[in-house]
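J.: Given chain A's structure and the hints, the job is docking chain B onto it.
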Amino acid sequence: AQSVTQPDIHITVSEGASLELRCNYSYGATPYLFWYVQSPGQGLQLLLKYFSGDTLVQGIKGFEAEFKRSQSSFNLRKPSVHWSDAAEYFCAVTTTSGTYKYIFGTGTRLKVLA
Amino acid sequence: GAVVSQHPSRVICKSGTSVKIECRSLDFQATTMFWYRQFPKQSLMLMATSNEGSKATYEQGVEKDKFLINHASLTLSTLTVTSAHPEDSSFYICSAVTSNNEQFFGPGTRLTVL
Numbered sequence: 001a002q003s004v005t006q007p008d009i010h011i012t013v014s015e016g017a018s019l020e021l022r023c024n025y026s027y028g029a030t031p032y033l034f035w036y037v038q039s040p041g042q043g044l045q046l047l048l049k050y051f052s053g054d055t056l057v058q059g060i061k062g063f064e065a066e067f068k069r070s071q072s073s074f075n076l077r078k079p080s081v082h083w084s085d086a087a088e089y090f091c092a093v094t095t096t097s098g099t100y101k102y103i104f105g106t107g108t109r110l111k112v113l114a
Numbered sequence: 001g002a003v004v005s006q007h008p009s010r011v012i013c014k015s016g017t018s019v020k021i022e023c024r025s026l027d028f029q030a031t032t033m034f035w036y037r038q039f040p041k042q043s044l045m046l047m048a049t050s051n052e053g054s055k056a057t058y059e060q061g062v063e064k065d066k067f068l069i070n071h072a073s074l075t076l077s078t079l080t081v082t083s084a085h086p087e088d089s090s091f092y093i094c095s096a097v098t099s100n101n102e103q104f105f106g107p108g109t110r111l112t113v114l
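As given, the protein sequences belong to chains A and B, one line each in that order.
Residues in the first sequence are numbered consecutively from 1, following the working numbering.
Residues in the second sequence are numbered consecutively from 1, following the working numbering.
Simulated from the structure, these hints should not be mistaken for lab results.
Each hint should be verified, as a subset may be incorrect.
[Said to hold, decoys possible] Some chain B residues close to chain A (C-beta under 8 Å, calculated; not the full set):
hint: 1; residue: S43
hint: 2; residue: L44
hint: 3; residue: L46
hint: 4; residue: T49
hint: 5; residue: I93
hint: 6; residue: N101
hint: 7; residue: Q103
hint: 8; residue: F105
hint: 9; residue: G106
hint: 10; residue: P107
hint: 11; residue: G108
hint: 12; residue: T112
A virtual CB, placed ideally from N, CA and C, is assigned to each residue, including glycine.
The following block holds chain B by itself, in its conformation from the complex:
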């Protein structure tokens, strides 16, 4: 099946700094990628839809200036958490959509903000 990678797998940062998370589709091109956030022992909550070559579409309640998404190529989307605070600590998962409309998920990135 299609493979999606995320980097880094874990990141610890200080409050007030920015953190970039990469999502790559390794063996297919994806015009659409999704970013999810998962709190401990909870389900995945869709944050935004990342569209190659255009602005991301954010779900209600997600601050677009806080969570910057860039989908500059057909194999890479990045999520930047700006001015991170402890409440941004979470597990972030991306997914990429194949040409036959199947989503494949990355392994996730654990963000801890001190």
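Same shape as in the complex, but just chain A:
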């Protein structure tokens, strides 16, 4: 079955520290991969996406993610976290063809310590 796993429900980091949020997927077809951020009571904002090409993808707000097909992973990274990065982060996958339905991971809640 198709699935997206975000192993870490909560992560706490200090401001200025580096960050890595994990995402693993199980998908039969060639995947399109996304990372979204959601602030409390808000909708989703796209951070970055991977469709094809360079497996290291740059996004907004200083985030990047690396697609590793052999590990079925698409981990999100940021070298130096800011207090404003505290939010919920969702990894999502969809197929390269068909209905474009997204499957979302369960999310990782990031807390940033001053």
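T.: Same frame as chain A, but now just chain B:
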């Protein structure tokens, strides 16, 4: 990027009444829109696929008579929660698919049923 709006952003209603939520693509046409439901501190669960000019496709376990979807134009889809009950209280998010198959999400609607 493409903009998707939702109205209302918040709604409180009495048990047994019906509530309509609108999802609009403001600067593009969308033949496909999606409706998601998000429980507190949980991920987004796809409820249904809204297709312009045809019946919506509901995910397993979603009551189509409870959650009525109408996609009457290329820029508007509506979700009507009929005979709402407290267990229908949730955060409802829509998304719209662009011509190059990217999804853009609305800001969400917080429904509270008393």
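J.: Check each numbered hint from earlier against the structure, then list the numbers of those it violates in ascending order.
T.: Number 12 - this is the single hint that the structure violates.
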